[in-house]
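Student: So you can see what is in the structure, the chains are spelled out below.
Protein chains: 2
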Amino acid sequence: MNIVISGLGIIGGSYARAIKKYTDHYVIGINRSPEPLREALECGAIDEIGDTGSLEKADMLILGTFPEAAVSFVRDNASLIPHSCIVTDTSGIKSVIFPELSELSEKYGFPFVGCHPMAGKEKNGFGASEADLFKGASCILVPCERDDEEYKNAVQTVARLAKSIGFAKNVYTTPQEHDRMIAFTSQLPHALACAYVQSPVCKKHDGFSAGSYRDISRVANINARLWTELFLENSSPLTEELDILISGLSEIRDAIKENDSEKLRSYLEKSRQIKEELGE
Amino acid sequence: MNIVISGLGIIGGSYARAIKKYTDHYVIGINRSPEPLREALECGAIDEIGDTGSLEKADMLILGTFPEAAVSFVRDNASLIPHSCIVTDTSGIKSVIFPELSELSEKYGFPFVGCHPMAGKEKNGFGASEADLFKGASCILVPCERDDEEYKNAVQTVARLAKSIGFAKNVYTTPQEHDRMIAFTSQLPHALACAYVQSPVCKKHDGFSAGSYRDISRVANINARLWTELFLENSSPLTEELDILISGLSEIRDAIKENDSEKLRSYLEKSRQIKEELGE
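As they're listed, the protein sequences go chains A and D.
The first sequence runs 1 to 280 under my numbering.
The second sequence runs 1001 to 1280 under my numbering.
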């Protein structure tokens, strides 16, 4: 396939590197600023620096940019995307981008398959990309509500590509279920890491901390612009999760204030059991 | 030295293993139940199974048990502890145990040096102990308010032992400062991991999660009895930290509910800056 990747940040860049490392597909990079393109070409992560004109020969278009930019890119270039080109994204939220992208897909004839690679790190940009970033990770696939053969084949193609570049498994879900789960598994940890490090004693932690400080605070090294967008675009599930967490923390605080050893122990024991049932 | 270790759980057991691996000291183990003692003797983590009678030949007594049990052990056996025997503990909180242990130390003549090894994992018992558990970790030393030469030597001896068994550094502090910092660096992450996993969607996370779920939830696999004791014995600093965290999370939630992109972005950016200033 000719694969066009729009946006060579950590995720788009890692797709490029992984595709070149593990498959024979031809990769064309598009990016707003020229530096990542030059860098990617030099290290062999892409075969060619492209532009929107490259879309006419694309068999697949991977949207590696932030959600809003991904939607704009497709909106602005929809007429250039061939009917046979599979469009897939990498956005951390789905409910907001899905209506417009699936509408554009219907209108212009190309299949759209939502995709969220569950991998990343607390760094950004092409410099942070890795061919093996997806090794062992889960790839969440969010198909449109279509069951014609052509569309099923498109979904299969995206799923096969994921497996071939290192993902351990493909998980299928709806935009709503995706966003509900992501609010909990990814957005909530980012929100609480950010709240955590704002304790006035945080700056003095060195010498008094170990693994639990490191693990909780890691993702506070956040891309504020990206995560502001992600949080606001997933407002309802995320505020629900925040309310649940705040209420749980308040329950712990109250049990401590009331010196209620039995209530506290049984709360903690319930958490331990949940982890045990999950085999973690 | 003859070193008596009371309590061969993960921490006491790791002390025993590390001392035998890295030093020439003679190690005597005391434990309520016999299994860990047999196991420790078999694998060479201790030289001898002892009892309270062994204290008369001890040059150092390491209290590896939970805080309350550590205080009881010293209270019950204070008259058996020689004046020349350095008593040190491994408790995760200090303000509560310090008054009684320093009083017993004064009354019976043995030096007491508070100690908190900043290492551990989400498993318990001698089976989880490791000779290299302390490698690279910080050892927090909490000395009494004494500045006579004999006492200074005792503190030096505890500090040297820590360095010789793998700790990267020794940090000196007061019981109050210790407990304030630990509320933030260790207790708060445990509390929020426990609250986090109680979200109703947690049990379905598999396939939708990656590093941030794993890191935040890791310590929810908690020893409920131990941490109930630790939380309640550090009530005031911990509830203060919980209040700060709850208020930070509420600020994030409100910014999202009000769709206030500027407020949210600047909150997250502040967190990023804190991590950056810490070089993390």
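Note that these hints are calculated values from the structure, not bench results.
Any given hint could be a false lead.
Calculated lysine to aspartate or glutamate pairs in the DMTMM-like style (CA-CA distance at most 25 Å, straight line) [stated by the list, open to error]:
no. : chain 1 : residue 1 : chain 2 : residue 2
1   : D       : K1121     : A       : E276
2   : D       : K1204     : A       : E262
3   : D       : K1257     : A       : E276
4   : A       : K204      : D       : E1240
5   : A       : K270      : D       : E1240
6   : A       : K275      : D       : E1277
7   : A       : K203      : D       : E1280
8   : D       : K1123     : A       : E277
9   : A       : K270      : D       : D1206
10  : A       : K121      : D       : E1068
11  : D       : K1203     : A       : E251
12  : A       : K263      : D       : E1280
13  : D       : K1107     : A       : D76
14  : D       : K1021     : D       : E1122
15  : D       : K1204     : A       : E276
16  : A       : K204      : D       : E1280
17  : D       : K1123     : A       : E262
18  : A       : K123      : D       : E1068
19  : D       : K1121     : A       : E145
20  : D       : K1121     : A       : E149
21  : D       : K1204     : A       : E145
To spell it out: a stretch of chain A is covered by chain D in this simulated footprint if at least three of its residues, at any positions, have a beta carbon under 8 Å from a beta carbon of chain D; those stretches are [as the list claims (entries may be wrong)]:
no. : segment
22  : 118 to 124
23  : 136 to 143
24  : 188 to 195
25  : 200 to 213
26  : 243 to 254
27  : 274 to 280
Residues of chain D clear of chain A, computed beta-carbon distances all greater than 10 Å [as the list claims (entries may be wrong)]:
no. : residue
28  : S1054
29  : S1102
30  : L1104
31  : R1180
32  : E1241
33  : S1250
Just so you know, these numbers come straight off a predicted model, no measurement behind them.
Heads up, the beta-carbon is just placed ideally off N, CA and C, and yes, glycines get one too.
Student: If you check each hint against the structure, which ones fail?
Tutor: 2, 3, 6, 10, 12, 13, 18, 19, 20, 31, 32, 33
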